[in-house]
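Trainee: Protein chains in written order, with the working numbering: chain A, 65 to 493; chain B, 157 to 562.
A few of these clues could be false.
To be verified - Cβ-Cβ distance ranges computed for the label pairs, FRET-style:
no., chain 1, residue 1, chain 2, residue 2, range
1, B, Gly-222, A, Arg-365, 53 to 59 Å
2, A, Val-295, B, Lys-422, 55 to 61 Å
3, B, Thr-197, A, Phe-291, 36 to 42 Å
4, A, Val-234, B, Gly-524, 32 to 38 Å
5, B, Leu-427, A, Arg-357, 31 to 37 Å
6, A, Asp-290, B, Phe-315, 52 to 58 Å
Hints in this document: simulated from the structure, not taken from any laboratory. Backbone N, C-alpha and C define an ideal beta-carbon position, used for all residues, glycine too.
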Amino acid sequence: MSESPASATPPPVTPPSNGGPPSVAARMAFYQRAGGIVTPIMTALLAFLVGGVVVAASGHNPLTTYREIFNGTGLNWFFQVGSHDIGLPFSDARVWFPWNVNDAQSEAAFNLQQTLLVATPLVFTGLAVAFAFRCGMFNIGGQGQYIVGAMVSVWVGSSWVGMNHGLHIVLAVVLAAFAGALWAGIAGFLKATVGAHEVITTIMLNWIAYWIGNYAFGQGGPLQNDFNESVPVSNDIAEGAKLPVFWGDALLQGLHVGFFVAIAALVVYWLTLNRTTLGYEVRAVGFNPEAARYGGISVRRSYFLAMAIAGGFAAIGGALDILGWQFRLGVIDIQSSQIGFIGIAVALLGRNTAVGVGLSALLFGALLNGTSTRNLDPEVFQPELAGNLTLMIQALVLLFVGADVLILIFWQRLRRLRPGRSAAREAPS
Amino acid sequence: MSIRAERVPGGWVRIVEPRSIAIGGMVLSLVGFFVVLPPLTLRTWVWPVTLGFFGVAAGIWAVSRGVRRVGWGAVVLGILGMTLGLLALESSVGKLDVVVVWSALLASMLRYATPLTFAAIGGMFSERSGVVNIALEGMMLSGAFFGILAAQKSDSWVFGLLAAMAAGATLALIHAFFSINLRADQIVIGTAINFLALGVTGYFFVDVYGDQGTPEGIPRIPDVNLPLDKIPTGLGEFLDDVFGSLNLMIWLSFVLLVVSYVVMFKTPIGLRIRAVGEHPRAADTVGISVYGVRYASVIVSGILAAAGGAYLSIGFLGSFNENMTAGRGFIALAALIFGAWRPFGAFSAALLFGFSSALAQRLPEYSGSAATLFQALPYVLTLIAVAGVIGRSIPPAAIGRPYIKQ
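Generate coordinates for the entire structure from the input sequences, incorporating the hints supplied.
Mentor: And the structure:
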């Protein structure tokens with residue numbers, strides 16, 4: 065394991081070599097960093113390859129299918145390079161820009177807006193998994209935390225109509241984050257005090273949140289809408305609680321400013337982990353809780369805080385979805401949402417680093433959007449099939465991420481075979 | 157696992173032992189609640205409150221003597237019995253008669269509990285051998301789909317069940333290969349398998365059946381009709397309503413329960429599985445193949461979970477829809493943990509969760525939204541169980557840890 069870690073910061077650590085590693089998560093985190101950028105890319109490619117085999121096996125052309133999906137993602141918007149201009153924020157000035165942002169209505173631009181719209185919450189649920197992972201915990205509860213955030217924000221957003229615009233948004237997001245932190249904090253607290261395994265507690269909390277949501281917005285539930293008793297959906301949030309749309313048409317699900325919040329969250333994640341005492345402690349506990357304890361770090365406090373912060377991230381994702389484009393929350397949304405679970409794949413493929421999470425959120429956002437019923441031509445590939453193809457690719461990514469020890473060994477063999485390298489190694493002797 | 161502190165002499169001493177008193181308190185509380193329900197339907201608060209009070213007292217006494225787990229259980233049950241008893245008195249007799257039909261509730265409990273039992277006992281094999289299996293959900297789902305697919309194509313439920321088991325075994329094999337040989341994180345792999353099953357079953361479901369759904373008339377696992385109504389008096393009728401026409405799989409789940417208990421705790425095979433799950437290095441030292449035992453255990457768990465799934469599709473409903481397990485695999489996981497990784501514990505938990513599902517189905521008589529919230533009960537109970545408020549569930553020592561041969 066001589067390669068320099070790709071993510072800049074981790075202190076030197078040796079992989080636990082035998083039977084009882086301090087935690088599987090920590091061991092895996094090590095391999096992941098050692099693998100650098102190569103394994104994630106190979107992982108994703110391999111997953112798409114196997115997905116393509118399935119498509120071919122069921123009698124469709126994988127190449128045209130993938131091309132169609134790609135066109136649906138809107139990423140082809142970036143191919144249309146030209147000479148355009150872009151307005152600077154808070155001023156009337158315009159500067160040169162290679163892409164045409166003024167044309168927000170073209171198909172590619174619209175698709176790209178939708179892709180980024182889906183990628184936004186994925187960044188947050190990805191960070192929720194990643195942050196806990198860096199503390200040596202596996203947060204499967206992103207889905208429940210996301211639902212809690214969505215529920216609280218829709219409640220705040222639809223109450224106090226007529227509140228100051230900015231204040232209403234901030235209040236909804238902050239309260240949602242707080243609720244999500246408390247929700248995940250239950251798992252962190254139980255881990256810290258009685259040692260209950262966070263995987264079990266977060267799975268249970270997911271389902272409790274799921275049923276509370278079904279109850280609250282279902283027929284006769286306390287948060288069901290005031291206008292139609294037969295529709296299990298919440299009230300719409302107030303106009304003043306909606307996030308401003310900065311690209312595209314606000315009435316057609318344009319891209320809202322939550323996208324920038326997601327980018328800011330990635331920066332905050334990196335800063336917290338790498339430039340604060342809390343982040344140092346969290347990472348130390350993640351590497352080796354025993355050593356951290358000897359170093360005077362309160363392992364219990366780290367467990368609780370890491371879990372609470374993770375829950376806060378996921379809940380902000382839920383809040384931004386509500387305030388940005390959903391505007392209401394129905395039982396059907398709670399039942400069909402997978403954003404929190406996809407966050408697991410996002411975090412693991414992104415190697416729990418800020419940049420990695422951002423990129424893999426974009427990948428999965430594009431995949432989800434490209435395979436949606438709106439985008440796919442049924443002649444080429446049925447969208448109902450494509451949705452399941454997305455699930456399969458996601459599963460394969462997770463499988464190969466889990467098996468990246470294999471990819472790593474393969475990669476190292478490959479490097480060792482290179483003549484220049486072996487000669488250099490033998491030279492000193 | 158848990159070691160009995162000391163052997164208690166039999167006879168009289170055993171009866172006044174705090175543990176027995178606490179259990180007696182539990183029974184009293186239940187009786188207090190039972191008498192205000194149909195068919196007795198006593199309309200008085202005296203019985204539930206008095207008996208519940210005795211239950212709480214017995215519990216507190218037991219706790220003071222150091223029997224905490226059962227003691228607290230009796231306290232909680234006593235308070236619950238009182239509260240629920242008083243709630244039942246608030247309700248009208250007519251509604252009570254509609255909701256509390258014991259024979260229907262019990263039969264429905266068994267129907268809901270069976271898939272959970274299969275999956276939970278399957279999970280027990282895997283987890284006792286040290287491999288976390290949160291992929292029970294995916295294995296159930298694949299069993300449900302491939303079971304109905306094969307049953308329809310071959311026109312025989314036997315092939316359906318076998319195909320379901322094969323599908324579960326295949327997923328389990330993937331799980332085993334990645335988590336045992338490649339030493340991948342078992343939870344990541346479990347999550348991956350859940351997604352994989354969701355994707356694969358959804359994909360082929362759409363591909364094979366389109367938007368029409370599964371056709372009618374797919375052969376189903378038969379019901380076992382017992383002539384219990386031949387037994388005279390009302391008892392025969394009651395037994396007939398509960399056990400008279402249960403599905404074959406329900407009876408098989410009872411058999412499975414006994415067999416798995418015997419295998420796990422009374423045979424060398426079970427000893428090996430538990431040894432590998434508790435201390436793999438020691439097991440390896442005495443010549444047990446850790447990888448072999450783990451492989452076998454994980455595959456058994458896949459087969460059983462898939463059989464539970466097949467019961468859902470070709471036993472219970474006779475149809476399939478996307479993601480039809482809808483979290484039952486996780487309830488099974490909860491039952492396994494709630495039952496402290498033991499067959500009878502897991503089965504009791506499955507019955508409890510099955511009963512809560514059966515009751516939830518009837519609660520809309522009072523309030524639809526309350527019935528919805530009621531469905532969270534299994535998860536809340538499990539959360540409490542792992543939190544250790546009422547006696548903690550302690551997992552096998554080496555669970556989740558890949559083993560590296562030396």
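Trainee: In ascending order, which of the hints set out earlier in this document are inconsistent with the structure?
Mentor: Failing hint: just 1.
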